[in-house]
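Model the full assembly from the supplied sequences, consistent with the hints where possible.
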Amino acid sequence: GQNIDQPTEMTATEGAIVQINCTYQTSGFNGLFWYQQHAGEAPTFLSYNVLDGLEEKGRFSSFLSRSKGYSYLLLKELQMKDSASYLCAVRGGSYIPTFGRGTSLIVHP
Amino acid sequence: DVKVTQSSRYLVKRTGEKVFLECVQDMDHENMFWYRQDPGLGLRLIYFSYDVKMKEKGDIPEGYSVSREKKERFSLILESASTNQTSMYLCASRWNGTPQETQYFGPGTRLLVL
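Here the protein sequences line up with chains E and X, keeping their order. For the first sequence, the working numbering puts the final residue at 100, and the numbers step up evenly by one. For the second sequence, the working numbering puts the final residue at 147, and the numbers step up evenly by one.
A hint or two may mislead.
[Unchecked claim] Some chain X residues close to chain E (C-beta under 8 Å, calculated; not the full set):
(1) G75
(2) L78
(3) L123
(4) F138
(5) P140
Because the hints were derived from the structure by calculation, they are not lab data. In this text the structure is predicted, and so the values were computed from the model without any measurement. We put the CB at the ideal spot given by N, CA and C, even for glycine.
Written out as structure tokens, the structure is:
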């Protein structure tokens, strides 16, 4: 089976930096995805990591440590529009990703 | 741009009714998925399909069935709707290419079973 854990809710201030963690235990590993989901909308792809290290994409970066079963999503220069749920999804032994329960991020002025 | 559409955004049905949720994608993707999303539980996989006429059970298939007669269309069927099937249903598709290929999600159908 697979177990994916991420915080339920986080709050941060506009302009700040926030780090959303995801830990996982899976049988096999074939990559980790991060998705953003605004309320009432579909999840949209943010990042994919399969090798250890940091992947940077504009204000968003994603880090992976396979030996620790750990990833984080880093959001810089937070904007109000970044208020959303952030979903961590891990592909284990099959190509089907398993999703964590999501982290609801609230950005306040 | 990939487009995944779902037949309804909101649906209200009565207990015992047969319910059809339709999903269509326009990018010739081989793989299609049905999830339900509930507060505190996240996205849970109901069924997926590798290709036309193929289907596999996900983590919570009980009470559901699926149909994939054409590559672009993946239908979720609730044989006899129950109140515990009230949920947000999300369809997704994916190209069966490189491992980093993402899933593309539809806008979701919010189903209320009374």
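Quick rundown of the hints versus the structure:
Satisfaction of the interface hint for X:G75 is found here, the shortest Cβ-Cβ separation to chain E being roughly 4 Å, below the 8 Å cut-off. Taking 8 Å as the C-beta cut-off, the interface hint given for X:L78 holds, the closest approach to chain E being about 7 Å. Given hint, X:L123 at the interface with chain E, holds; its Cβ is 7 Å from that chain's nearest Cβ, closer than 8 Å. About 4 Å separates the beta-carbon of X:F138 from the nearest beta-carbon of chain E, less than 8 Å, and the hint is met.
Annotation: X:P140 was flagged as interfacial toward chain E, and the flag holds, the nearest CB pair being 5 Å apart, inside 8 Å.
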